[in-house]
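> Sequence:
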Amino acid sequence: METTIDRSNPNRIIEVLAAFLKLGLTSFGGPIAHLGYFREEFVVRRKWVKDEAFADIVALCQFLPGPASSQVGFVLGVSRGGGLLGGIAAWTAFTLPSAILLLAFAFGAANFSGPMGQGIIHGLKLVAVAVVAQALWGMARTLTPDRTRIGIALAAVAGAVFLDTAVGQLGAIAGGAVLGTLFCRDTNAPPGHHLDFQVRRRSAAAALALFAILFLVPPFMHGMGNHALRLFEAFYRSGALVFGGGHVVLPLLETAVVGPGWVSHEAFLAGYGAAQAVPGPLFTFAAYLGAVAVPEPNGVTGATIALIALSLPGLLLVYGTLPFWDGLRRRPTAQAAMKGTNAAVVGILAAAFYSPVWTSAVLMPLDFFLALAGFLLLIVWKTPPWAVVLALAAVGAISAI
Numbered sequence: 001m002e003t004t005i006d007r008s009n010p011n012r013i014i015e016v017l018a019a020f021l022k023l024g025l026t027s028f029g030g031p032i033a034h035l036g037y038f039r040e041e042f043v044v045r046r047k048w049v050k051d052e053a054f055a056d057i058v059a060l061c062q063f064l065p066g067p068a069s070s071q072v073g074f075v076l077g078v079s080r081g082g083g084l085l086g087g088i089a090a091w092t093a094f095t096l097p098s099a100i101l102l103l104a105f106a107f108g109a110a111n112f113s114g115p116m117g118q119g120i121i122h123g124l125k126l127v128a129v130a131v132v133a134q135a136l137w138g139m140a141r142t143l144t145p146d147r148t149r150i151g152i153a154l155a156a157v158a159g160a161v162f163l164d165t166a167v168g169q170l171g172a173i174a175g176g177a178v179l180g181t182l183f184c185r186d187t188n189a190p191p192g193h194h195l196d197f198q199v200r201r202r203s204a205a206a207a208l209a210l211f212a213i214l215f216l217v218p219p220f221m222h223g224m225g226n227h228a229l230r231l232f233e234a235f236y237r238s239g240a241l242v243f244g245g246g247h248v249v250l251p252l253l254e255t256a257v258v259g260p261g262w263v264s265h266e267a268f269l270a271g272y273g274a275a276q277a278v279p280g281p282l283f284t285f286a287a288y289l290g291a292v293a294v295p296e297p298n299g300v301t302g303a304t305i306a307l308i309a310l311s312l313p314g315l316l317l318v319y320g321t322l323p324f325w326d327g328l329r330r331r332p333t334a335q336a337a338m339k340g341t342n343a344a345v346v347g348i349l350a351a352a353f354y355s356p357v358w359t360s361a362v363l364m365p366l367d368f369f370l371a372l373a374g375f376l377l378l379i380v381w382k383t384p385p386w387a388v389v390l391a392l393a394a395v396g397a398i399s400a401i
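Quick note: the sequence shown uses the working numbering, first residue 1, plus one each step.
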């Protein structure tokens, strides 16, 4: 992909900000829908890139951990804006609208203490059941299409269930990569076109080094007693391990914030349900979690730390990989490892669907009916997620009266 950008021209940055702010305000439907919005806006309408280049950008972002739609937007911003500043502008404009909405929900969540408020919260938890079931259904069909990858997914379920910690999830991902390398090889190199993002290798190497430092150093600093550092480390680690899309972050964040008691199960699932009703990337759920977490820092400060920490590893990795991707994507070993990793994340999401999503929300036959109805509305009738959120929250409020 060719870039003929005047790096000193701020008009390109303003153009990137305006384009992605529009999408940040209107892009409902989750990561897959976001890619459709991006293609329509930047390939068809604005003609920033060609279809072939767009497909290769999507492949890169699916290959790496992190929020795929936000990473695609970041790469498009780098390309159009002529460098890192363009990528930051794209990510900021696409992310802020939903982050602000979820921060507002976090501040208002304390008002949901009466019977009607609790009914709304329970309705949002049922939304989480329907949405995670939809994500699990779609990902299983795409990422585990054969017996080998189904077996890898089942092994990941076992690892996530019987070793219910971050170590179990990391082991499942690493094990999936190893099994994929051994059993999912395909000797045909993936088709594609030459990509040139004009990112210097030195800058890319610095981004990769920073990713590694932030991943390896903070865990050894827990003894300092700084909760802001622990909050950053927990969200950064989760963001560094999210393969397969935004919904896979659910089990990682549940382990990171519910496990140590920073956020309750009820508040976690209510926020996750509310996140389905806002446009933009699902990773802005982190803003809600950082705002409601205890002890301090929380509120706006906690939301900022959590949101940046969750998104940063994926952005560092994609920026650091841009100059090397053209050669790496053609290697059968890398493709096989990714197939195994993707199958493993299906298993991790399946384990999270059972606990805490299902066990915390489905408490009676009516709950099962409402969750099933929400799932069918999403899968069969293609109802927008925000409409399902409003419907189940309203039913929850009415049933609590």
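It should be emphasised that the hints constitute simulated quantities derived from the structure, not laboratory data.
Where is the CB? At the ideal position from N, CA and C, for every residue including glycine.
Please note that a few of the clues may not be correct.
To be verified - Listed below are the simulated DMTMM-like cross-link pairs for lysine to aspartate or glutamate, each with C-alpha atoms no more than 20 Å apart in a straight line:
1. K22 to E52
2. K22 to E40
3. K22 to E41
Said to hold, decoys possible - Label-pair ranges, simulated between beta-carbon atoms:
4. P365 to L154: 36 to 42 Å
5. A55 to P115: 46 to 52 Å
6. I100 to A205: 31 to 37 Å
> If a hint holds in the structure, say so; if it doesn't, say that too.
Hint check:
no. : hint                     : in the structure
1   : K22 to E52               : violated (24 Å)
2   : K22 to E40               : holds (13 Å)
3   : K22 to E41               : holds (10 Å)
4   : P365 to L154: 36 to 42 Å : violated (29 Å)
5   : A55 to P115: 46 to 52 Å  : holds (51 Å)
6   : I100 to A205: 31 to 37 Å : holds (35 Å)
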